[in-house]
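Using the hints provided, position chain P relative to the given structure of chain Z.
Chain order of the listed sequences is Z and P.
Count along the first sequence starting at 1, add 1, and that's the number in our numbering.
Residue 69 in our numbering sits at position 85 of the second sequence; the count goes up by one each step and never skips.
Quick caveat, the hints were computed from the structure, so don't treat them as lab data.
Treat the hints loosely; a few may be bogus.
Stated by the list, open to error - Cβ-to-Cβ under 7 Å is the rule here; a few derived chain P residues that face chain Z: (1) Tyr(-11); (2) Val51; (3) Val99; (4) Leu102; (5) Val121.
Unchecked claim - Stretch by stretch, here's where chain Z covers chain P in the computed footprint (C-beta under 8 Å, at least three residues): (6) 109 to 117; (7) 161 to 175.
Every residue, glycine too, gets a C-beta built ideally from N, C-alpha and C.
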Amino acid sequence: MTATAIPVPQIRPIRVPVLAWVVVALAVGLLYFVLQENGAVLTQSWETLHEFFHDGRHLLGVPCH
Amino acid sequence: MELTYSVVIKRALVAAVAAGICMALYAFFVVEPTIDDAIELEEATAQVASGDHGHEDEPLFTRSQQVGGGVLATVLFAVSVSVVFGTVYATVRHRIPAVSDFTRALWLATVAFGVTALFPMLKYPANPPAVGDPDTVNERTVQYVLLVAFGIVAAVLLCKFSGWLRTRVDFDRRIVALVAAAVLVYGGALLLFPASPDSIAPEVPAGLIWRFRIQSLGGLAMLWTVLGLGFGWLMDRVTVRETEGTPAPV
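In isolation and in its complexed conformation, chain P is listed as follows:
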């Protein structure tokens, strides 16, 4: 039986629903208390300053609606990401050098986490409410999207570079060259991309900010772990069964 696209994408979607549910529970039980602390602080600061900050006057949604929206956002995020992930996986599967679909899926999920979550987090870390300046949100969004796009393009080019090196140097030299190139490209981008225009108000405790940042990165790590493991396991169940009937390669 030939492995088809729909077999792959269905498994990606199932893994994404599992990842989305884990992420929603994590958001509700772990991250929401931190967001509440930040909003409490934001409101206390706004009352003192009584500035024209978007949060305080006539909120569009109540806090519990925003909690629901946040949970929905994580599930929509997981499902959308899995469509991209599954399609990319189906496209590059035969080019990922690994022994099984499980290892291939873990490789791709690790790269995806590194490029789309860890790398942008190093330059533009997540912030709780009460930190961002509404006037700079568009500028920060452009910076963030460009950095993620850069990370993805760089990853593709590094793969091409690896393929180019494959026929020219031995395995050891290829790995050293690839690691050096990755450090140079990603490290260079972290240095050269402009700093965020926001400065963090001194009233916001560093402990709160860092608790939130670690929780945000941890959440994304969990999402990619569940997606990668779940998808890899589901794919292995198909491909291992598929090859069982054929004699083992000599």
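Extracted from the complex, chain Z is given alone in its bound form:
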């Protein structure tokens, strides 16, 4: 018996607007502020964010103090 690739239907690509990638960048930025910010970008209020999202950071496996 030889294994072969399963024939799959050809489908047309979806047109992804450029704006979608802007939103993706915003989402990644939000992820950064929720999960990673430790004072590298915000100089004053990082600790507030850090402490508020504290439990979530630990749960999601992100480095925390």
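Structure of chain P alone, referenced to chain Z:
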């Protein structure tokens, strides 16, 4: 009807809300007791040492506020991740060789879980409060982000490699070559990336640390499972309906 981006992203967002709610319940009922145990231990240790550790003096938030913040963090995480996931899915959908959108969605969710959750967890595992050293948090963050970025880039390159092999070798050889390449690339990264600068204090019981690590990985696995299954099911409902009117391909 042509499948549009907005059809895809809306379904990703709906699946993300479901995943976020599951994750929030999981965080509240399963993980919080472990975090409480860790904080109790941290406070007991801090009282003995009375060092200048960030947690004990004048906390910015009460514990119940932090629980709320944690729940909010998981929902924000699920929604943000789904925007990235949905957009990537729309971009690569026609290149994932599968019979339905359900299988395609499961493939992409599995890869995303493996690369962004399981792989970094093997090198820099999650730790409960009371373990991390505040002085090394930036160093650990850089290591962690670089490892996740490496994992994503490697996954993209492995897909390119697969496409390159497709026209050159048969199916069996391609799969063997891909598995070997993946083991080499990811295994090599786990060996070569620098170790975490933190050492775990001997006062912290290994049982507590590992309970937390398993719960953290389990939570992420659940999030990706709900997101992948939910999104795949919602997509199938559109695409199956769409093809119902057309005669079956011969």
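Going down the list of hints, with the structure as the test:
{"no.": "1", "hint": "Tyr(-11)", "in the structure": "5 Å, holds"}
{"no.": "2", "hint": "Val51", "in the structure": "6 Å, holds"}
{"no.": "3", "hint": "Val99", "in the structure": "13 Å, violated"}
{"no.": "4", "hint": "Leu102", "in the structure": "10 Å, violated"}
{"no.": "5", "hint": "Val121", "in the structure": "5 Å, holds"}
{"no.": "6", "hint": "109 to 117", "in the structure": "holds (count 7)"}
{"no.": "7", "hint": "161 to 175", "in the structure": "violated (count 0)"}
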